[in-house]
Amino acid sequence: MGNDDLLLIAFNLALLTYNLGIVLYSLPIPLRSIKKWGISLVIDGISTSILISCFTLILSLITFLQGLLGADWGNYFTWIGGRITLIFSSFSVLTYISSLLKYPYTPFLLSPINVVLGYLSTTLSALRLLMFLGSFILNYYKYLILLGIILYSLPMRVGKNAGAYLIAMSLVLYVGLPLMPAFVEGFQTSVSGMGVGLENPEISGYVIDISGGLVPYAVLNLYENGELKGAILVSDSGKYNLGSGYDLLPKKFNYSVELELYGFSFITVPNTISSEVCSPAQSCALNLTVPGIITAAYGKLLILMPNNAVVSNFELRDGEVSLTLISDSNHSELRLISVYPESTNIRSLTVNDEDVSCYVSSRFNWYGVQVSICEVLVSGTAARVKVIYESLYNVRPTINERRIIAVDDMSAMLMNAISLGIAFIFSLVFLPSLYMTLLLSMSASVAKFLGGRGLPIKIS
Amino acid sequence: MSIADFVRDLTVQVVTISWFIFLLAWFVGWALKGSPVPFYRLKRTGQSLIEDAVIAAFWLALGSSIFSLISYITSNVAQPMPPPPQP
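Residue numbers (numbering that gives the first Met the number 0), protein chains in the order written: chain E, 0 to 459; chain D, 0 to 86.
By construction, these hints were calculated from the structure, which means they are not laboratory data. Values in this document were obtained by computation on a predicted structure and should not be read as measured data. Incorrect hints may appear among the rest.
Short, incomplete list of chain D residues facing chain E, as computed with Cβ under 8 angstroms [unchecked claim]: (1) F21; (2) G28; (3) L61; (4) T73.
Just so you know, even glycine gets a beta-carbon here, dropped at the ideal spot from N, CA and C.
All chains, please: the whole structure from these sequences, using the hints.
So, in structure tokens, the structure goes:
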């Protein structure tokens, strides 16, 4: 059924109304009220026919007003799409933050995040509603006006109010709704740079020994001003991760690094990790070299380098390590210390092709790993050392990691997120609702002008 | 039968009824006015019934003309709008 058919129905209804009015007027019943009723029906019929004939006029009036006010539907949908994208990005950032807070000592931070997430989902549904309303009005405003006209032209004023309101509403919304971005933008001042800024760097890298081999299952102790801030276990592939879903690093930090392996502590190069490493990038790689050790077979054998010697001719084969120690001073003897967990067996140790008995000087427990130390005294300025060992399995220290959660920065960020959520609610729920209320009350006024009832409450 | 046809048929019936009611009112009016009863108010009622019937018949006869006049005027008014002023 096209526009013309609907208009034809409305026109016939108007004629019917007119004739009914005349019937009532000419009834031979001497009652004034019936005659008045007839007169008003006649007037209704005429006014309805005027309204029907003005249908094209109303449509062109709408277009005219739209051009006059600079309303653009494309702009409206782009604006809403942009806001939806913004909310989605904030959503993902916040869910990321809440995924960071899986450690048992940070549950107090979770509830404000959930509050903000609730705000965001409310805003998202409001925006979806606006999107739906916009496309509904844009596609069906003609039909709404036609429906309004038909309701308007029903005899006996059955649907006059509803029809007038439908016509007025589609007129006002079609012109007014695309102007909402301008209205909202005019009121939002503090939310111009919306978006959750998560300045949480990620630093990752490998721990490398003197020979370039990876050092797995070591513990990185991070100190700041002499206070232990974090204890991080290096993975079985020798990689450590700082940030990246495990830590919430503060904006500015400078940690001195100490590597702990089998009860020994080593200095790394570089020996600090600071926030300057990544700046301005968010994630970066930083390898830590440990000059004092050689690890073999994925950390199952650890050889501590003497301070007064350098290593050359290093060779690592399956189950065999050979190296040449060159003494750089006049010391006649070098102390070579080998450390290994209980899963490693040292078969033989030769110095300058002579078998040396490696006696275990001590045995202790390091994070649940039984560690043995054997010491060998090497004499001469250059010594060829060869260790043949057998290793059975990997041993993982049972350490409770101490991850870094910067609570001060965290709370600032949360406050930021909460105020952002409130700003979203204000600018994308409250302001559009206010605007819709304005538009609907305006529609009621226009409906009154068209012959409807107007606002149910009297404002003035 | 479409809704438009139905409404149009209804209108035709109402117009027919309306003419009969005009005649009825006319006769009733004259009967009241000419009745040999010395009540002034009764004669006044008959007079007003006749007047109303005549006015109603006039508007009934003029009905289609009024609607076509409205259509004519509005179709002349509903010319394309001039473009809005550019700021």
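Problem set entry | Agreement of hint D/F21 with chain E interface, Cβ distance less than 8 angstroms | holds (5 angstroms)
Problem set entry | Proposed interface contact between D/T73 and chain E, which counts if any beta carbon pair is under 8 angstroms | holds (3 angstroms)
Exercise. Is the shortest C-beta separation between D/G28 and chain E less than 8 angstroms?
Worked result: Result: holds, 7 angstroms to nearest chain E Cβ.
Exercise. Does the CB of D/L61 sit less than 8 angstroms away from some CB of chain E?
Worked result: Hint on D/L61: violated, closest Cβ of chain E at ~10 angstroms, above 8 angstroms.
In this structure, the one hint that does not hold is number 3.
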